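Q: Sequence:
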Amino acid sequence: MRKIGVFLWSTCLILGLLQLTPTFAQGGDGPTAPPDGTDLPLVEVVYEADFTDGDQWPEGTITGMELAAAEGGYQITSINADAGIGLAPPIALSIDNFYSEVSFTIESCQIPESAFLFLTRLTPNAQTAAQLDTYAYVLQCSGDYRSRSITAGNPGDIDVQGRAPAALDEGSQHVLGVLMVNNSVTWYLDGTELATYDVLSPLRVDGVLAIGAQRGLGYVATSWRVWSLDSTTVVGTIEPGTDTGTTTGGASEGPLSELGVGDLIYNPDLNQPGSISSGLSQPVAALYLAGGQVGMYNRESSAILPFEGVQASDYYAEIVFGTRACDDASLIGVIWRAAGEFGSYYAFGMQCDGSYRAWLETPDGPSEPFVSGEVSQPPVPDTGAHSLGVYVKGDTAWLYYDDTVLGSFSDSTLTEGEAGLLLQSDPATAKAMDIVAVSLSVAEAR
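The sequence shown maps to residues 577 to 1022 in my numbering.
To be clear, the hints were calculated from the coordinates, so they are not data collected in a lab. Values in this document were obtained by computation on a predicted structure and should not be read as measured data. Yeah, the Cβ is synthetic: ideal placement off N, Cα and C, and Gly gets one too. Among the clues, some could well be false.
What the hints assert, rightly or not - Computed Cβ-Cβ distance ranges for the label pairs, DEER-style: (1) V621 to S988: 42 to 50 Å; (2) N759 to G613: 24 to 32 Å; (3) P617 to P731: 28 to 36 Å; (4) E944 to E624: 39 to 47 Å; (5) T637 to G767: 31 to 39 Å; (6) N730 to G970: 37 to 45 Å; (7) Q737 to L616: 22 to 30 Å; (8) T637 to G970: 23 to 31 Å; (9) G941 to D615: 51 to 59 Å; (10) D605 to G919: 41 to 49 Å; (11) T727 to P939: 17 to 25 Å; (12) S943 to L616: 27 to 35 Å; (13) D605 to S943: 49 to 57 Å; (14) D839 to E769: 50 to 58 Å.
When you get a sec, could you build the whole thing from the sequences and use the hints?
A: Here is the structure:
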């Protein structure tokens, strides 16, 4: 039987020598950075900057940089022509293949080497230069540009360099675009293709995006969009067509294999945007990806995605997922019989270190675990797809992980209610539980 369904931002100061930013549009408002007639393999806009969002786009001063809200956009200024370099907070989107555009207006160029920075596939949550891997593009006020990889904070050899058709003059408006497919990159500026090349030192398959400035450049970013492509995928999850059977060959036990399930109560089509609550401002940020997968991470230390329309006593709830990033204490869980707008619920959670537990959550806090233990194959990144499920009937719940019953318990505190997905992480760290959901489903228990 098949399974039933199936960044958080941080401010990084980087070494000099980086650069770039993109802009956007779709449909009638399509990309404008490439030459007319350019055919890009766009699927849909997956990110559009809201520069009025003070959480994503904060005001303040960091070493050598000033960040501020501006009329019609967001102001990024490198204060010092000799050393000022830095980034705005990376956008809350981790992606592999994409097309992105940024529109911006130049306010100040202190020297010809003042430069606009755009970073792709940036390490999420990097706290030090030694943790930083990225691809960096630098566009100077002189019109000179260059691109290179940065590994553990160290710049590599230049992949490409050249000169744009025109310099970046104060008051001039520009649209910069980048198409990244695997290790092939194309840069566009104001209707001109600047360069197409393969990176010399491939190191990252996905990551977040960020814009910045160095050596005395000031500008206002007025728009920023990112599109997914035909080839956009998620690393570390199951390949299309992979069998995600829950009970094959008697590998599982308990009521799921002995009794099975009835009609589906909840089974959103993850190929269809809008099938679940999505967006990057939700407690569980959710972004539709290609191949019927949805990227998710928690924006709060504990965040819940309700399974809309589930209100029952006995059912089997299951999540099939792959993990993109986490730390040992990061947790993914299934919630059942939730009451009072998820003020009380049962939960079964698995941490990235392999520890698991089931507990009752109430307004007074969590109970002692009903069941706890540790698995030998935790859901860490690059281990493929995993499943987490709960079969609840009467007062008893059976806990499933990757086709195996880990335990069961009986409790009668909550007798019916909603179901949902739980993501948690250590509030002392910036690391979220970052997953790709392959399926979310609930079926009647027999």
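Q: Each hint: holds or not?
A: We went through each hint and held it up to the structure:
1. V621 to S988: 42 to 50 Å: 48 Å, holds
2. N759 to G613: 24 to 32 Å: Between N759 and G613, where Cβ atoms are some 25 Å apart, the hint holds.
3. P617 to P731: 28 to 36 Å: 30 Å, holds
4. E944 to E624: 39 to 47 Å: 45 Å, holds
5. T637 to G767: 31 to 39 Å: 35 Å, holds
6. N730 to G970: 37 to 45 Å: 60 Å, violated
7. Q737 to L616: 22 to 30 Å: 24 Å, holds
8. T637 to G970: 23 to 31 Å: About 60 Å separates the Cβ atoms of T637 and G970, which means 23 to 31 Å is violated.
9. G941 to D615: 51 to 59 Å: Check passed, 56 Å falls within 51 to 59 Å.
10. D605 to G919: 41 to 49 Å: 42 Å, holds
11. T727 to P939: 17 to 25 Å: 48 Å, violated
12. S943 to L616: 27 to 35 Å: 53 Å, violated
13. D605 to S943: 49 to 57 Å: Because 52 Å falls inside the window, the suggested range holds.
14. D839 to E769: 50 to 58 Å: Given about 54 Å between the Cβ atoms, the range holds.
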